[in-house]
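Student: All chains, full assembly: derive it from the sequences and hints.
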Amino acid sequence: MKPRGILISPGPGEPQDSGISLQTVLELGPTIPIFGVCMGLQCIGEAFGGKIIRVPSGVMHGKSSPVHYDEVLGKAIFEGLSNPFTAARYHSLVIEKESFPHDELEITAWTEDGLIMAARHKKYKHIQGVQFHPESIITPEGKRIILNFARYVEEFEKQTSGTR
Numbered sequence: 001m002k003p004r005g006i007l008i009s010p011g012p013g014e015p016q017d018s019g020i021s022l023q024t025v026l027e028l029g030p031t032i033p034i035f036g037v038c039m040g041l042q043c044i045g046e047a048f049g050g051k052i053i054r055v056p057s058g059v060m061h062g063k064s065s066p067v068h069y070d071e072v073l074g075k076a077i078f079e080g081l082s083n084p085f086t087a088a089r090y091h092s093l094v095i096e097k098e099s100f101p102h103d104e105l106e107i108t109a110w111t112e113d114g115l116i117m118a119a120r121h122k123k124y125k126h127i128q129g130v131q132f133h134p135e136s137i138i139t140p141e142g143k144r145i146i147l148n149f150a151r152y153v154e155e156f157e158k159q160t161s162g163t164r
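According to full-length UniProt numbering, the residues represented by the sequence shown are 1 to 164, in order.
No lab work stands behind these hints, which were simulated from the structure alone.
None of the values given here were measured: they were computed from a predicted structure.
The beta carbon of each residue, even a glycine, is placed where N, CA and C say it ideally should be.
Don't take every hint at face value.
Derived DEER-like restraints, expressed as beta-carbon distance ranges [to be verified]:
| id | residue 1 | residue 2 | range |
| --- | --- | --- | --- |
| 1 | P140 | V59 | 21 to 27 Å |
| 2 | T86 | I20 | 20 to 26 Å |
| 3 | R151 | T86 | 20 to 26 Å |
| 4 | P30 | V72 | 19 to 25 Å |
Tutor: The following block contains the structure:
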């Protein structure tokens with residue numbers, strides 16, 4: 001099996017309940033683009049030393065929020081989106097900002113109250129994820145995010161052809 005890219009999607013529970021997702025981030029992430037959605041981002045955060053906590057303001061199921069992003073660090077995923085953009089949130093857990101593993105990851109998007117909504121690996125920039133749900137109808141620009149990741153996978157393949 002030679003996947004071109006890996007999507008770690010949402011699921012109930014916490015990252016340690018996610019089967020092989022944590023192991024996938026650590027073992028395949030250095031050589032294969034990974035895009036985490038919701039629990040997928042939490043898996044990325046936990047895999048590199050972050051702590052997963054309950055959302056301080058309570059459960060965010062089926063709610064929308066403006067999401068702001070860093071136009072340089074977040075370019076691969078958020079290119080072409082308005083800043084901020086509206087995103088669907090269906091989660092009760094987030095990566096804790098205070099324990100965020102800044103030595104390994106960088107925050108690429110956040111809510112107005114400072115919750116982490118996206119991050120990527122500093123060295124392996126092709127390991128990235130979002131806390132919100134781009135596949136939801138409540139995220140009007142979500143299709144572009146998915147297409148941006150697909151385009152990123154193609155670019156990654158061109159840059160690494162012959163080295164993988």
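Student: Take the hints in turn and mark each one as holding or not.
Tutor: We went through each hint and held it up to the structure:
1. In this structure, P140 and V59 meet the distance hint of 21 to 27 Å, their C-beta atoms being roughly 23 Å apart.
2. Taking the beta carbon of each, T86 and I20 are about 32 Å apart, not inside 20 to 26 Å as hinted.
3. At about 22 Å, the beta-carbon gap between R151 and T86 stays in the expected band of 20 to 26 Å.
4. For the pair P30 and V72, the supplied restraint of 19 to 25 Å holds, since their beta-carbon distance comes to about 23 Å.
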